[in-house]
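Trainee: Chains as they are written, first to last, in our numbering: chain A, 1 to 438; chain B, 439 to 1290.
Keep in mind the hints are simulated off the structure, nothing from the lab.
Note that this is a predicted model, so its numbers are computed, not measured.
Incorrect hints may appear among the rest.
Stated by the list, open to error - In silico DSS-like links for lysine-lysine, alpha-carbon gap of 25 Å or less: (1) Lys577(B) x Lys1287(B); (2) Lys401(A) x Lys577(B); (3) Lys1009(B) x Lys987(B); (4) Lys198(A) x Lys456(B); (5) Lys391(A) x Lys456(B); (6) Lys1247(B) x Lys1287(B); (7) Lys198(A) x Lys987(B); (8) Lys415(A) x Lys564(B); (9) Lys528(B) x Lys82(A); (10) Lys198(A) x Lys1247(B); (11) Lys478(B) x Lys198(A); (12) Lys606(B) x Lys175(A); (13) Lys1232(B) x Lys170(A); (14) Lys608(B) x Lys133(A); (15) Lys391(A) x Lys564(B); (16) Lys564(B) x Lys369(A); (17) Lys82(A) x Lys440(B).
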Amino acid sequence: MSEQRILLPADVTMTDFNSIEPLFIEGYIDRGGYKGLSKAINELKPTDIIEEVKKSGLRGRGGAGFPTGKKWELVAAARGDKNYLCCNASEGEPETFKDRTLIRSNPHQLIEGIIISAYSINANNAYIYINEKYTEEILILERALREAEDNRYTGKGILGSKFSINIEIKRCPDKYVAGEETAMMEVIEGRPAKPWQKPPYYPANRGLYGMPTLVNNTETLSNIPHIVLKGSEWFSKFGSPKSPGTMVFTLSGDVKRPGIYELPLGTPLRKIVYQCGNGLKDGMLFKAAFPSGPSNSPVTESQLDIPLDFDSLKGIGSGLGSAGVIILGDSTCIVDTVLGFSRFFMEESCGQCPPCQMGTVKIFRLIQKIEDGNGDMKDLTDIENTCSSLKGQVVYCHLLKGAINSIEGVVKKFKGKFESHINERKCIYKAESTLIHS
Amino acid sequence: MKKVTLTIDGKKIVADSKKTVLEAAAENDIYIPTMCYLKKLNPIGSCRVCLVDIEGADDPMTSCQLPVMEGMVVSTKSDRVIELRQLMVKLILVNHPVDCTVCERSGECRLQDITYEFGISRQDLKAEPVERVKKYDWKLIRYNPYLCVLCERCIMVCHEVQGVSTYKIKNNGFRSVIDTVDEKPLDCDFCGQCIAVCPVGAMSSGLVLQARSWELNKVRSVCSYCGVGCPINLDVKKGKVYRVTSDDNIGINNGNLCAMGRFGYQFIDTEDRIKTPLIRKGDRLVPASWDEALKLVSAKFKEIKNSHGGDAIAGIGSERASNEDNYLFQKFFRTVLVSHNIDNLLNMENSSFGSEVFEKFDLPIINSTEYITKSDIIFTFGADACEENPVIGNIIRVTMRDREARLIVGSSRDVGFRPPPDFRMVYKYGTEVLLINGIIKSIIGSRESEGIKEFLDYLKGIKLEDVSSRTSVSKDLIKAISLSLIKSKSPVILCGREIYKHPRGVEIIHALQNLANIINGNIILYREYCNSQGVNDMGVLPDKYPGYKNVADLEAKGDFEKVWGVTLPVKGRMTAGRNIIDDVVDGKIKALYIMGEDIVLRSHNGNQAREALKKIDFLIVQDMFLSETALFADVVFPSASFSEREGTFTNMEGRIQKINKAIEPIGESRADWVIIKELANKMGGSFKYSFTEDVFKEIAAAIPLYGGITYSSIKNNGKLANYQSQSKKKFRVVQHSEIESIGDSDMPFIFLSGNTFFHLGTLSRKSAAMNMLTSECIVEINPSDAEKLKINDKDTVTVKSKNGNITIKTKVTNKSPQGVVFIPVNFENAPANILTNKKDAVIRVKIIKNEQ
């Protein structure tokens, strides 16, 4: 397994997280850092780099899995006086902190990726948009950015070329929607975090300050130096054909060893649960897994061998998202877990779209009623009906869609658990492990 | 501009590429329902009521935000969007109490209309109620979060139009409510734009409404406060004005009003209104009948005219009275009393400002505000664009938003703007001409010379270093401003109260005209009152007939003799260089007729005005209230307010607009022109007017400026008078001259005065709502000056000039530059004009801290 990694030098268990030692400039250069950048600037034209990234098959690691090279091409082709690059390092999804880990362990890998990407799309201004509560990571980034500037990797005319790049850190409010890419534009421009309607305008053609803007996830950008230096062929050896490369998984829930694991895409779920996580804790049996936090339908025991990549999970009505895998054991109440999810969505709805504002409250209240033992079968039908009526609603971001996906999935796959809550008029699990504390 | 072709509901449409689908549909009479959309704001897109289906798109989209694109196929009536729109409204209604019976917005509520229109009769969604806090401690504005639909119109109008950015959405999700940015009780401009745009009853005024919207009769009128002349509606029920509203897309203001315009109407119906004529009996003014009062005045006037001649009677017209009132006022003096002894206060006070500036029309300063909306650079000089004539501030702000126009703010106080201007220039009071010449020099220096030789020769003698050191504006700033003015394609210069009240006002305007000529720009002059322009146009001037025809001009005399059918006097002003008040003090005038003017508070020399009024043999004051001036009167005529009569006002653009009768006159009060007519006829005149229109007809016939305009043709947007400049490119050499400075050596501060934000003149002081916002007079002083004098905010101090002193509270603010203090003129308990005595001088004062 150890040879199958690109981004992280080693896996990090939850308990080791705080002792990660960041790699600063000397160490990074020592291990071949910034060679990709100098290759890009000295040997490659921007179009060559875009072509190489396209060939690598790299897909966005922020959740949607959009082909990265294609996105770059769109931005490079969009007409504007000034292009921008935004590195989205805000993590609002519960139980996901892969980007945080990447910045904590190797900030320069990200910075190098940003510079190369900016060079490819001709952006002279880049922003790293990071949760304001990640204070230590911000300090690490600040130091790394200073180092990069001192070594003339950023600033005016880098590496003797005519290309200039300025990278700035922008703090993201601790809100789930603030991580949505158009909400990010609003925050960077100094307004409240509220997503825009898309279409017609996507950041690629009209983003920050009305200019073409490339938005990439931290992990996506961290892959770039490696692709540029070692080539797309090398990269596509990792992972599955349609989802090449590795993914940094955040494993949590009822496993013995939760942590951050870098694995090739397409690795079966079973492997991550039983090898990385070392199986379920307290002698529990596997009940369900949420492969991308609370925003997607759960995977059940019969689907344990599903390869974890974008298309396979989509194929079974779930999704990989940003790979925050939550494992549930058989003595954890799934109704209570979903109650936590729905509370999260209710609290995090920004409130600008009426369906989301009202729908998330309604679903939360209904699930709470059932979990408390006060529900009846009508409430369960009500949940199903609400979910299906909210499905086609016009909202500006994916929050409501995520909420419906997971809740509808759980109700469908674990209807019996809800019915037993209703029939017993109580929760039969003495569940204390609520995943989401709000 | 680029055009695109698209299809909406099967109809082929060619639209401007910058339009949205909603706009393109509206232009082609295709209806799309909306709720949060407001034409004057950028699209908000919060309500989703305007959803449409686009061929090829997965989800429906909000048409208000969606730009038209080539080949787009739009459906506004698909089953899916109709169903979704209904669901949206149902979702909005979940938390909206259907308290329509007790809601003041019922009948004009967008949500009510849409619900009904969509045929929503059953609500199958429900949610448990959420506790919210009603905001009833926001002075004139109230917010009821239960009714709020979070459309964000209030936030956007406050930000985009008013520039205050007071509101935000607090909390998120279903707990979202509107709150002030700092979450403290509202402290803002109180323009009430948020109330006007609220589609439901969430934002309302604290002035409790006892009339349903459908019971209110909207009577179109014009705001009677400042010179902007915003069209307003007086909402009337059973003879009472309940509120003032304004319609979007009409007139100069596009539905926007300032605090005074929206809330300051209460003076119309207060206990203080004079209800009958009053006649002095000893120390007291006692009620009398109209007949009695008119007889008395007519007899007294006849007596004085016979013994001393018509010139012994003088009249002061009013900047707030209508054109018809002022026209008949001067006609009464000229034809019945046979005297040219009439004037208006601005002209009296400011070196013949009215007659000098408007006479020849070679100063194109009466211009439509369209020049602002079409400009790329706005240069305000001696004007406080936020606080003085606030609606002009709205126009500037919207121009900055829509055209990315740049703003230069120059003033002797640090007035600033919201959003902050591109350049901000604080100059030393009294050096304006020098500064403008410096800017011109800087412009000429960097481009090919053109124009008049004499003028250019004069400029050669000016040194920028010298200008900079004397005006205290840095050379770099002068250069930067010059540079941006040169680059501009359509600059506009606005000059405000500081200029028209300036001892060198006329010269400053001449200098600005030179500048405008060079940069090919236009000047717009602010006017203080609703008819400051009209009173001059109507010839309430001692040396000018209506339309600025010279009294000394025999041809003009002949013309007016024909129109009026009388023989007119040849002699003009009694004593050159002295105004009516001076002449009263000198004993040359025995009787004074003041119409709608409070000279005790508004003249530049309060002490002299009091002295004059004590000395005068016979004083008639025609006013709505027993003003400080009226207290000296021998006879008081009660005049009707603007809401009780018809007439026309001419605003700062030269736009003639109509006021209409909304309610019956309070008590026995009468329209000013009716009083003058009666008096004239009693004295043997032949004033045969039955309606206001008759007077206007004569005005239009007698004054070429108003020629060709019929009373009935004055509609919503008014009619621009024919102010056409004949010689636009006229350069004059305007030299800087030092202004005499009055004050002892221990009086370090330059004293400036003006209107405070929530008041204009003294009329607004009769409005309880405005007094709630500001009722205390303050002196503004710079923090560093305050520190030197050990003065804190809200300390009581005595401001002392050579002429007098007043005791007043302080406001320590950066708005006053060092060495300058500012006192508002609106407060009768602290009359700022006690400090001043000479009009052509800078008054210096000292400030003494009062011991507690």
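Trainee: Does each hint fit the structure? Answer for all of them.
Mentor: Do the hints match the structure? See the list:
no.: 1; hint: Lys577(B) x Lys1287(B); in the structure: violated, 32 Å
no.: 2; hint: Lys401(A) x Lys577(B); in the structure: violated, 42 Å
no.: 3; hint: Lys1009(B) x Lys987(B); in the structure: holds, 14 Å
no.: 4; hint: Lys198(A) x Lys456(B); in the structure: holds, 18 Å
no.: 5; hint: Lys391(A) x Lys456(B); in the structure: violated, 32 Å
no.: 6; hint: Lys1247(B) x Lys1287(B); in the structure: holds, 10 Å
no.: 7; hint: Lys198(A) x Lys987(B); in the structure: violated, 64 Å
no.: 8; hint: Lys415(A) x Lys564(B); in the structure: holds, 24 Å
no.: 9; hint: Lys528(B) x Lys82(A); in the structure: violated, 43 Å
no.: 10; hint: Lys198(A) x Lys1247(B); in the structure: violated, 55 Å
no.: 11; hint: Lys478(B) x Lys198(A); in the structure: holds, 23 Å
no.: 12; hint: Lys606(B) x Lys175(A); in the structure: holds, 17 Å
no.: 13; hint: Lys1232(B) x Lys170(A); in the structure: violated, 41 Å
no.: 14; hint: Lys608(B) x Lys133(A); in the structure: holds, 20 Å
no.: 15; hint: Lys391(A) x Lys564(B); in the structure: holds, 18 Å
no.: 16; hint: Lys564(B) x Lys369(A); in the structure: holds, 15 Å
no.: 17; hint: Lys82(A) x Lys440(B); in the structure: holds, 23 Å
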